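**Student:** Next come the chains, spelled out residue by residue.
Protein chains: 2
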Amino acid sequence: MPDPTPCQREAPPRRAVLSGLHRQPGYCLTCGVRAHSVCSAIDDQDIARLAEMAVETTVLPGRTFIEEGAPATDFFNVTAGNVKLFKALPDGRRQITGFAGTGHFLGLAVSDRYAFGAEAMDTVRLCRFSRVRMRQMMDDFPRLERRLLAEASNELVAAQSQMLLLGRKTARERVASFLLDRVGDAPCPGQDRSRGQGQGQSQGLNQGQDVPLPMTRADIADYLGLTIETVSRTLSWMRTERMIAIGKGHAVRVTAMDRLEILAGGEA
Amino acid sequence: MPDPTPCQREAPPRRAVLSGLHRQPGYCLTCGVRAHSVCSAIDDQDIARLAEMAVETTVLPGRTFIEEGAPATDFFNVTAGNVKLFKALPDGRRQITGFAGTGHFLGLAVSDRYAFGAEAMDTVRLCRFSRVRMRQMMDDFPRLERRLLAEASNELVAAQSQMLLLGRKTARERVASFLLDRVGDAPCPGQDRSRGQGQGQSQGLNQGQDVPLPMTRADIADYLGLTIETVSRTLSWMRTERMIAIGKGHAVRVTAMDRLEILAGGEA
DNA sequence: CGGCCAGTTGATACTAGTCAACGGACGTGG
DNA sequence: CCACGTCCGTTGACTAGTATCAACTGGCCG
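Sequence order for the protein chains is A and B.
Taking UniProt numbering, the leading residue of the first sequence gets 1, the next gets one more, and so forth.
Taking UniProt numbering, the leading residue of the second sequence gets 1, the next gets one more, and so forth.
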């Protein structure tokens with residue numbers, strides 16, 4: 001297993017939510033995240049240009065580093081930690097539109113303002129790129145644009161599934177879908193997305209699949225369009241039905257994948 | 001006003017849902033839709049290549065021409081008519097993820113299967129491109145890819161708004177948001193998206209803004225995650241509140257934009 | 001004319017939201 | 001050390017917003 005925290009170089013003295021220093025030219029060459037991210041679209045020989053425009057940024061847990069509606073000046077690439085993306089209504093209701101982990105690219109938008117907010121769920125490390133410079137890179141490297149298009153297409157597909165979930169699924173179906181979407185995610189986020197069905201993650205003599213839930217009930221609720229009470233009740237119900245086992249500290253073990261899959265109602 | 005049905009050439013003898021003949025090399029040069037679509041990313045001098053790989057296709061109202069889960073062999077560009085895009089559950093519940101009008105590009109996906117279905121709402125004319133050939137075009141013309149990325153980014157933003165709507169808005173808020181999204185759409189779809197604020201929202205002496213609704217109540221319901229009854233009741237309620245006037249044959253006039261906007265709850 | 005479909009409206013049911021109480025984990029400070 | 005407060009999660013009682021079921025209308029077309 002490679003370096004679990006691939007992005008640690010500089011000292012961490014910063015004040016505002018967003019600050020930081022530019023990377024060294026050779027930075028990206030050794031970045032463990034590159035392989036999983038859009039940066040892989042740039043060859044070794046050109047990657048120094050990318051490195052030099054990347055600003056190292058650290059965001060503390062709970063801090064909002066993209067404000068919905070603020071001028072969209074930067075793109076971001078998550079190099080460590082997890083981020084929640086959301087939209088909100090004036091009265092405070094909010095919808096989490098997605099979770100972004102290591103390797104995820106943020107900030108795609110044609111508009112000059114961010115259409116969503118982003119908040120760090122844990123300590124997050126980011127590469128920050130100005131949009132202007134990023135556009136130059138895209139001009140010079142069409143492969144980068146292709147990679148972004150692929151990323152956007154995947155997100156679009158995910159968004160469509162989420163619309164089906166939010167518009168048409170019941171609370172039980174939503175929670176089941178949510179758990180299944182996360183089966184196979186490594187407990188250590190960002191690594192090992194191989195999703196090998198083989199011996200899977202720690203099945204052993206088969207106790208079921210572990211599902212890491214690095215988010216609170218409130219986050220799950222805001223993601224599924226439910227309340228925390230409903231999420232809690234639904235998980236409790238699944239436990240009494242012996243479909244899952246609820247462990248300490250944000251961990252759930254799926255013990256009846258088959259019934260969960262039926263519940264989730266695979267798409268037609 | 002230019003040719004309202006810019007894509008009429010060949011005779012219409014066809015049997016299957018999808019068939020058709022390849023375009024003539026000069027076709028795209030005169031296509032009135034080109035300016036509004038991804039095709040504008042290709043210069044006049046190169047557009048013949050695109051024309052030659054485009055297959056003219058007509059789809060009758062109500063026909064599904066993209067089947068969810070089917071092998072994704074083609075991209076489409078809508079040249080006339082309106083399309084609804086949707087995902088469905090095995091038991092028939094369905095969520096319309098979007099409406100696509102003239103100029104809209106369909107089929108973006110990395111997967112080898114369509115993630116959504118598409119059905120003609122009226123008589124639809126399409127340019128159909130094989131994915132393989134389209135990929136060649138993208139290789140040769142990075143501008144095309146850039147244009148597609150912009151298109152995808154916009155759809156992503158729209159999808160996020162829709163998630164907020166589906167997850168967190170009440171029925172009244174959903175219907176209000178839906179109507180407002182369509183204010184300014186020309187009654188004749190595909191033309192005049194200028195959204196000229198010129199004469200204001202035509203208030204003033206003013207009868208209000210016309211909102212064309214070329215879809216049934218069932219479609220609206222499936223788009224908003226509601227039932228047809230709730231949509232009907234909500235529109236009726238808005239009428240009694242004098243926020244809208246309901247005309248014959250799928251037309252609604254917004255008579256109190258301001259109250260509708262408050263209802264829709266502008267995003268934070 | 002009769003059948004069908006889209007839409008409206010009413011009565012009732014039910015899912016999930018709201019309000020509230022409680023327990024455990026954790027951190028702080030006496 | 002323990003008392004205290006806070007945050008997160010669970011559970012219960014009740015409510016409200018939509019869904020469901022059903023009846024009815026008007027338009028369209030064979």
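Calculated from the structure, these hints are not laboratory results.
You may find that some hints are simply not true.
Here are some chain A residues pointing at chain B (derived, C-beta under 7 Å) [to be verified]: (1) Thr97; (2) Val110; (3) Val132; (4) Met134; (5) Met137; (6) Ala150; (7) Gln162; (8) Gly167.
Sample of chain A residues at the chain B side, in silico, Cβ under 7 Å [as the list claims (entries may be wrong)]: (9) Arg93; (10) Ala109; (11) Thr123; (12) Ala152; (13) Ser153; (14) Asn154; (15) Leu156; (16) Leu164; (17) Pro212.
Across the chosen pairs, the derived CB separations fall in these ranges [stated by the list, open to error]: (18) A/Ala35 to B/Leu60: 26 to 36 Å; (19) B/Thr123 to A/Pro212: 46 to 56 Å; (20) B/Asp140 to A/Pro61: 39 to 49 Å.
Small disclaimer: the values here were computed from a predicted structure and weren't measured.
C-beta: ideal position from N, C-alpha, C; glycine also.
**Student:** So, for every hint listed, does it hold in this structure?
**Tutor:** Hint check results:
1. Thr97: holds (5 Å)
2. Val110: holds (5 Å)
3. Val132: violated (15 Å)
4. Met134: violated (12 Å)
5. Met137: With Cβ-Cβ at 13 Å, over 7 Å, it is violated.
6. Ala150: OK, holds: A/Ala150 within 7 Å of chain B, min 5 Å.
7. Gln162: Constraint on A/Gln162 satisfied, holds at 6 Å.
8. Gly167: Constraint on A/Gly167 satisfied, holds at 3 Å.
9. Arg93: Status holds, d = 4 Å.
10. Ala109: The hint holds - A/Ala109 has a Cβ within 7 Å of chain B, the shortest such distance being about 6 Å.
11. Thr123: violated (25 Å)
12. Ala152: holds (4 Å)
13. Ser153: holds (5 Å)
14. Asn154: Holds. Min distance 6 Å.
15. Leu156: Holds: closest Cβ of chain B sits about 6 Å from A/Leu156, inside 7 Å.
16. Leu164: holds (4 Å)
17. Pro212: violated (23 Å)
18. A/Ala35 to B/Leu60: 26 to 36 Å: violated (48 Å)
19. B/Thr123 to A/Pro212: 46 to 56 Å: This hint holds: roughly 50 Å between Cβ atoms.
20. B/Asp140 to A/Pro61: 39 to 49 Å: holds (47 Å)
Checked against the numbered hints given earlier, this structure breaks hints 3, 4, 5, 11, 17, 18; the rest are met.
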